[in-house]
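**Student:** Each chain, letter by letter, is given below.
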Amino acid sequence: MTKRIFKNTILIIFAVIVLCGVFIIGVLYKYFNKELMDEMHQEIRFIAKGVELQGMDYLEAFDGMDTRITWVASDGEVVYDNQVDITTMDNHSDRKEIKDALISSSGKSTRYSSTLSEKRVYQAQRLSDGSVIRISYVQKTIFMLIFGMIQPILILIILALGLAGFLAYRLSKQIIEPLEQIDLDNPDESVVYEEMAPFVRKIINQNSQIAQTMDILKAQQDEFKLITENMQEGFIVVDRDSKILSHNTSALRIFNAEQNVENKKVLMINRTHEFQEMVNQALSGVHIERIIPIGERIYNIYINPVFADSGENKSVAGAVIIATDVTEREQREELRREFSANVSHELKTPLTSISGIAEIIKSGIVEAKDVPEFAEKIYDEAKRLITLVEDIIKLSQLDESGLNMAKEDVNLYGLCGEVVKQLTPVAELNNVSIELEGSTAFIYGVKPVIREMIFNLCDNGIKYNKDGGSVLVSVEDTAEETLLSVKDTGIGIPIDQQDRIFERFYRVDKSHSKEIGGTGLGLSIVKHGALIHGARIKVESVPNQGTSVTIAFKN
Amino acid sequence: MRKGFEKQLEELNVSLIQMGALCEEHIAKTTEALFAGDENFVEASHVMEETIDKCERDIENICMGIFLKQQPVASDLRQVSAALRMISDMERIGDQCADISDMIRYTSSHNMREYESLKAMSENSKEMVNNAVESYVRRDIKLAGKVMSQDDVVDRLFDDIKRKLIGYIADDPNQGEFWIDVIMIAKYFERIADHATNIAEWVEYSIIGERK
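Here the protein sequences come in this chain order: A and B. Everything in the first sequence is counted per our numbering, starting at 1 for the first residue and increasing by one. Everything in the second sequence is counted per our numbering, starting at 1001 for the first residue and increasing by one.
Be aware that a few hints might be false.
What the hints assert, rightly or not - Listed next, the in silico DSS-like pairs over lysine-lysine satisfying Cα-Cα at most 25 Å (straight line): (1) B/K1007 x A/K243; (2) B/K1119 x B/K1029; (3) B/K1029 x A/K243.
To be clear, the hints were calculated from the coordinates, so they are not data collected in a lab.
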């Protein structure tokens, strides 16, 4: 700014100097020229008078004077010159001033020297004898005049430069200082000069508008963040180069990623081929959804492409990745599938037997004496079917309304006694002894369910026992818990299958399940019973040595 | 010019992670197939090995391109030269996985699940490969250090298997061939662990610029 003002000031000063100079010199030069002419005219009239009166004598007095005086005869021959030797001078009859004087008694002319450095002004006057007297002055030309003024002009220019610099500095400072003083974040109209006020006003208005818009945007962003942050689902937005633009904390947890993944490739959080392929497909514009395991858990990953423009030329601008934890769902689904398969199988087996036997009887190939035997088989299978359905009903009751069943104080020891008594004949049949130890202990629970649990545990203890083995039922009341444990000396359960025995229809030894009987639901019922009583189950088992199942009811 | 360089380095980084991910997948699937006795995997394993080889060549080309056109210095130079070394280790991991897969043909008739030490070896080597690649992705020197120290565990397990097998062969010389296959598989896992250690060392080098 200062520079521009300086340049302009200099330009103006120069223009003024030049114009003034030209004008003044022009006017003055003309004026002095006229003065000179008038003076010379007077002078030549005096000299002419003198020469007419005294002749050559008069002229001789001018020898060596500044003013050059020449006397030319009427034929053009130079008769006298006070500065130049007349013998060297040629005929002057062709000079303009002489010619004019010979014709019209007086003449004048101006001639420039060859270098234009000076000019000669001549005036001539015809005398009465026809000769011509001429005077001439040497005058500096206008160029020499200007040339002679160079020094003062230079000084003037230097002064002008200084002045212009100073002015420019001051002016620009005056203009700029208030501008610099404006605090653009909080402009104040009063600080600046009038002309700037509208701009400042505009800035103030726009500032407040921007602040408002920013507030709205920030509020929206906060809201967005709040929503995504509290999402259980992992949420990631990537751009078209698969760089992460935004994500929530859940996403970091799900993909087991470190902090600061923003602006890094999505490859950094999961580099499996499958996931990369999904991202690439989504970025080519296809919605994709797949279930993939990450670590221990299973996630349903949706990736949706985001398009930049709608309509004809739409291009993918990025993609949104959403990961939902479906581990439980998948596991439940798996269990459900297994359960329905098992139920159908378990129901079908006795029915097939019944139907087969009935078919044989129907065809009449069975002799009358054998019918009771077949009837017994049908009866057995039907009973098995009934037990199975009963078990399933019990389980579904526990599933449906287990928590709402009426609870009461139950004498656990007494209940165990009843069950042991009930099972003693069965135990004797299997050549297994069953005993009860401990003391009276009360728990708060659902009596039929607890009875069912004890029955199932003892029944298992007897069924999966060895010839001559024993089952020991004990009830122990500790300070915190009431422990019910059923310990047998049976075939035991291999370590890797101990987690699975509570699953519905799970059988450790699948090949002998039919001989032993049972539905495969007993321990499932125990587990559910424990669940509604908030009790803990502990299984200790050594293959071929025996199993001990302990249920700990909280006091 | 500089922007092109940044882009090339990024490309190198991405390709390296992808190659690492392939190795991880290869060893995971190989272990699974080995213990399940899945002979069908042999062919798939060779396809994966070829993919890994192709990755190696591609990354070599990227590195050469960077060397020729950009003349990297300091940490960039370290990164590129470490990448060149890492890919040869990764390629060897791929080869060894394919070699293990080849053995499935001879071992599938036996129940491989029984051999706890071999299982432990495979799990350890797999974890080491995972952690080595992860340490590169996260530039995590600590994790790289963990990989290096885990190598001793694998070495010990290998010695353990070797000692046990001598006894097994003595007990039942008819099964000798199978036990030799087992020792070879163990050796492959031990080599894979060594390569994972190398990768971890290169990761450390590319970050701190020193090799121990």
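**Student:** All the hints need checking, so say for each whether the structure fits it.
**Tutor:** Going through the hints against the structure:
Simply put, B/K1007 and A/K243 have alpha-carbon atoms about 13 Å apart, close enough for the 25 Å limit, and the pair holds. Between B/K1119 and B/K1029, the direct Cα distance comes to roughly 14 Å. Compliance with the 25 Å bound is thereby established for this hinted pair. Between B/K1029 and A/K243 the CA atoms are separated by roughly 29 Å; this puts the pair beyond 25 Å, and the hint is violated.
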